[in-house]
Amino acid sequence: MIEKSANYDVLIVGGGNAAMCAAISARRAGARVLVLEAAPKFYRGGNTRHTRNMRCAHDAATAILTGPYTEAEFFDDLMRVTQGETDEALARHMIRESKAIPDWLVEQGVRWQPSLGGTLSLGRTNSFFLGGGRAMLNALYDTAERLGAEVAYDCEVVDLSIEDGMFLSATMARGKERLAVRATTLIAAAGGFEANLEWMKQYWGKTADNFLIRGTPYNRGSLLKLLLAKGVQEVGDPTQCHAVAIDARAPKFDGGIITRLDCVIFGIVVNKDARRFYDEGEDIWPKRYAIWGRLVAGQKDQIAFIVFDAASRELFMPSLYPPIEAKSLSELAARLELDSTAFEHTMREFNAAVRPGTFDHTILDDCRTEGLVPPKSHWARRIEQPPFFAYPVRPGITFTYLGTRVNKEARLIMRDGRPSANMFAAGEIMAGNVLGRGYAAGIGMTIGSVFGRIAGREAAAYARN
Amino acid sequence: MPATEFGATAPHSSDDLAEADRLMTICNSCRYCEGLCAVFPAMEMRRAFADGDLNYLANLCHGCGACYHDCQFSPPHEFNVNVPRSLSRVRAQSYASYAWPRALSSLFARNGLVVGLSLALAVAGFLIGFTFRDGRATLFGAHAGPGAFYDVMPHGAMVVIFGGAFLYALLALVMAARHFWQDIGEEPSGLADQRSLAQAMRDALALRYLDGGGLGCMNEDERPTDRRRFHHHLTFYGFLACFAATSVATLYHYLFGREAPYPIYDLPVLLGTLGGVGLVIGCAGLFAARWRREPAIADEERFGMDVAFIAMLFLTGASGLALLALRATVVMGIALALHLGVVFALFITMPYGKFVHGIYRFLALLRYAKERRNSG
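As given, the protein sequences belong to chains A and B, one line each in that order.
At position 50 of the first sequence the residue is numbered 50 (our numbering), and the sequence of numbers has no breaks.
At position 346 of the second sequence the residue is numbered 346 (our numbering), and the sequence of numbers has no breaks.
Hints are computed from structural coordinates only; laboratory data are not their basis.
The beta carbon of each residue, even a glycine, is placed where N, CA and C say it ideally should be.
You may find that some hints are simply not true.
Listed next, the in silico SDA-like pairs over lysine to any residue satisfying Cα-Cα at most 20 Å (straight line) [to be verified]:
#, chain 1, residue 1, chain 2, residue 2
1, A, Lys-287, A, Arg-437
2, A, Lys-252, B, Gly-190
3, A, Lys-41, B, Glu-220
4, A, Lys-41, B, Pro-76
5, A, Lys-408, A, Ala-100
6, A, Lys-252, B, Glu-78
7, A, Lys-300, A, Ser-340
8, B, Lys-370, B, Gly-190
Some, not all, of what chain A presents toward chain B, calculated at C-beta under 10 Å [said to hold, decoys possible]:
#, residue
9, Arg-49
10, Asn-407
11, Lys-408
Let the sequences and hints guide you as you build the complete structure.
This is how it looks when you write it as C-alpha cells:
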C-alpha cells in the first residue's frame with residue numbers, strides 16, 4: 001500500500017520492461033522505490049507483454065545466438081532503419097550498454113531461448129525470452145518485489161508538480177481516489193499514446209477510428225502529455241506511429257502478435273475498389289511488413305484484402321482467424337463485398353502480367369510482373385488454383401514515436417536545453433531519441449532495458465546524495 | 001466485416017475437444033511458449049487438430065501451468081486462453097474413452113466414489129475373511145516369525161487374489177494403451193523404435209517437462225517452484241521401490257523358500273520402507289500442490305480422481321509402514337488386512353483412475369521423440 005507520508009527515493013511511473021528494470025536497478029542501489037502502473041495487474045507491462053525478444057550487441061556467438069553482432073553492425077542497422085533520424089552519441093552509448101544487458105537480465109530472473117520457429121532471420125541478432133514478454137515481465141516483477149520495491153496497480157498519474165525542472169510530486173488516480181505522491185526523483189517509463197484514440201485523431205482525423213491497437217487500452221500517454229505540457233523537450237514526429245497490417249477481425253485492443261499476417265508476398269493486396277495499390281513483392285517481408293499499416297491507412301475505409309490461392313495456402317504460418325475461402329473468384333468477391341467485375345478485372349490483369357520464373361520465397365526471386373502498375377517485383381505467381389482465399393486487413397498500431405528528450409544519464413532535458421535535476425525517462429516514452437523512425441525487431445526492448453537500468457541507477461544516486 | 005470464430009480446423013466429438021482446437025489455433029499463431037515443454041513444438045508440426053492430435057497433445061501436457069502465466073491472452077483477456085485446464089479436460093475425457101472394457105469407462109466419471117467404495121469393500125473383505133477363516137480367531141491370534149502372515153491368510157490365497165487382480169489390471173491397461181496408440185494415429189511397429197524409446201524413458205523418468213521450462217511448475221501462481229516435480233519423484237520412485245520389494249520377496253519365497261515377514265535389515269523390508277516413506281511424503285506433497293493449485297488452471301471436475309489416486313498411494317505407503325511397525329503385535333492381522341485391502345483396491349481401480357496418466361504420458365513422449373527425430 002502506498003503510504004501518504006512516505007518519502008520515496010524513486011517514483012517510477014509505468015510498469016513495462018523499462019519501468020521494472022529501473023525499479024530493480026534503483027532498488028539494488030539502495031533506493032526506496034514505488035512503481036505506479038496504470039493498468040490492472042493482468043494487463044501490467046504495456047507493450048512489453050506482447051514482445052518476445054531483444055536486440056543486443058555481442059562479439060561472439062552464445063548459447064542462444066548463432067553468431068556475433070558487433071556494435072558497429074548494430075549501429076549500421078539502426079542508421080538504416082531510421083534513415084539517420086537518431087541521436088548518434090546516445091545511440092552508440094545505448095548499443096555499448098546493450099552488451100551487458102542479457103547477463104544482467106538473467107541475474108534478474110529472466111530466461112532466454114534461441115529464436116522461435118519462423119524467426120530464423122533473427123537467430124544471430126536477437127535473444128528471445130523463454131515464454132515470451134509476459135514471462136519476462138513476471139520475472140522482473142517477482143525480482144523487484146522480492147528486493148522490496150513497492151508496486152501499485154490501477155494507478156494513473158493525472159498531474160505532476162514540477163518547478164524549474166525539479167520534480168516535486170505526482171497526483172495519482174485510483175478509481176475516485178486522488179493521492180499526491182512525493183518522491184525525491186521521478187522516472188517516466190509509461191510508454192506512448194497509441195491507445196489514446198482522441199490524441200491519435202489530432203493527427204489522423206476520422207481515419208483513426210478504423211485503427212486497431214495491438215497493445216492494451218492503457219497505453220494512453222497521460223504521463224507523456226503531462227511532461228510535455230510542463231516544459232520537457234519533445235522528440236520525435238508526433239504524427240508518426242508504427243503500423244502494420246493486421247487481420248481486420250482482430251479485437252480493437254490487445255490482439256498482440258497473433259493477429260499479424262505474413263502472407264502479403266504470396267498474393268496480391270486489393271482495396272475496397274478491388275484495385276491493387278502497392279508492390280507486394282518489393283522486398284523481403286521482414287523489411288517491408290511495417291509499411292503495410294500505413295499503406296492500408298491510406299485506402300478507403302482503411303481496409304484491404306490479401307488475396308491468394310491454394311498454391312500458397314500452407315507457405316506461411318497458420319493464422320489466428322482462418323482466411324475467407326471461396327471456390328471461385330466471383331464467389332470470393334461476393335464474400336468480401338467487393339464489386340465482382342472490378343475484382344475479376346484486377347485478377348485477370350495481374351495474372352496476364354505475371355512472367356515465368358522460378359518461385360522461391362526465401363530470396364528475391366525472378367517471379368515478377370511486366371507492364372503492370374503498380375508492379376509486383378518478386379514472388380509473382382498467377383492466382384488461379386481454387387479454392388481462393390483472402391484475409392481482410394486494417395492498420396494495427398504498435399507504438400508512437402513522440403517522446404521526451406533525454407541525455408546519456410536518461411535525464412530528461414527541459415525545453416530550454418537544461419537537464420532536469422531529478423527527472424529521468426526510459427523506454428517507449430523516450431525511444432524517439434534513438435529511433436526517430438522505422439523499426440528493427442527487438443530494439444524497443446533494448447531501449448527499455450538499457451535506459452531503465454541507467455535511469456534507476458542515476459535516480460538512486462541522486463536521491464541518496 | 002462479420003466476426004469470425006476461429007479454431008475449427010477439424011470436426012470434433014466434444015465441446016472440450018473443440019475448445020482445445022481453438023486454443024491450439026491461437027497458440028500456433030503465437031508460439032511464444034515453444035521453449036516451455038513438448039506440447040508446443042508438437043503443435044507446431046501441425047496446422048490442423050483432429051481429435052487424435054488433441055488427445056496426443058493433451059496427454060503430452062504435464063500440467064505445469066507455466067504457459068498459463070506466461071500467456072498474454074489468458075483470462076481475463078477476451079481470447080480466454082487457458083491451455084492447462086483445457087488439456088486437462090481433454091485428457092480426462094480421453095482416459096474414459098480408452099477404458100477397457102468400454103462398459104467400465106463410466107467409472108472415470110465418479111472415480112473418487114469408485115475408489116473409495118473399492119477400498120472400503122476390499123478392506124472389509126480381508127477383515128471378514130481373516131476373522132472367519134477356519135472358524136479360528138485368526139485375526140487376533142499372536143503370530144511371529146517366518147510365515148506369520150500366512151497364518152492369517154494362506155500364501156496360496158494371496159497369490160490367487162493378488163495375481164488375479166494384477167493380471168486383470170495389466171490386461172485392462174494394455175488394451176487401453178493400444179486404443180490410445182491407435183487413436184493418435186500410430187502403428188504397433190512404432191513401439192519398437194529403440195532410440196525414441198530411450199529418449200522417452202529419459203524424459204519420463206526425469207519428468208523433464210514438469211519444470212515449466214527450467215525453474216519449476218507455476219502451480220500456485222506465476223512464481224515457479226520445483227516442489228511438485230520433487231514430490232512426484234518421491235511418489236513414483238517410492239512406488240517402484242515398493243514394487244521391487246514385493247518382487248524381491250516373491251523371489252525369496254519361490255527360489256529360496258524363505259517366507260515373509262523378513263528381518264528389518266533384509267532387502268524386501270529396506271526397499272518397502274524406503275518406498276513407503278517416499279509414497280507418504282511424496283503423496284502429501286502432491287496433495288498439498290493439488291489443493292493449492294491456482295483455481296484458474298485447476299480442473300475441478302477431476303479433483304476427485306486426482307485426490308483418490310494420491311490418497312490410495314498414500315495409504316499404500318502408510319499401511320505398509322504400519323504393518324511393519326505392528327507386525328509383532330496382536331493387531332498385526334488388522335494391519336495386514338488394511339494393507340492388503342488398500343493394495344487390492346489400488347490394483348483393481350488402476351485401469352479406471354489417475355494411474356493411467358503415466359501410461360499415456362509415456363506413450364505421448366514416445367511419439368514426440370519419434371516426431372522430433374523424423375523432423376530432423
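Evaluated hints:
{"no.": "1", "hint": "A:Lys-287 to A:Arg-437", "in the structure": "holds, 14 Å"}
{"no.": "2", "hint": "A:Lys-252 to B:Gly-190", "in the structure": "violated, 47 Å"}
{"no.": "3", "hint": "A:Lys-41 to B:Glu-220", "in the structure": "holds, 16 Å"}
{"no.": "4", "hint": "A:Lys-41 to B:Pro-76", "in the structure": "holds, 11 Å"}
{"no.": "5", "hint": "A:Lys-408 to A:Ala-100", "in the structure": "holds, 16 Å"}
{"no.": "6", "hint": "A:Lys-252 to B:Glu-78", "in the structure": "holds, 11 Å"}
{"no.": "7", "hint": "A:Lys-300 to A:Ser-340", "in the structure": "holds, 18 Å"}
{"no.": "8", "hint": "B:Lys-370 to B:Gly-190", "in the structure": "holds, 8 Å"}
{"no.": "9", "hint": "Arg-49", "in the structure": "holds, 5 Å"}
{"no.": "10", "hint": "Asn-407", "in the structure": "violated, 33 Å"}
{"no.": "11", "hint": "Lys-408", "in the structure": "violated, 33 Å"}
The structure does not agree with the numbered hints 2, 10 and 11 stated previously, though it agrees with the rest.
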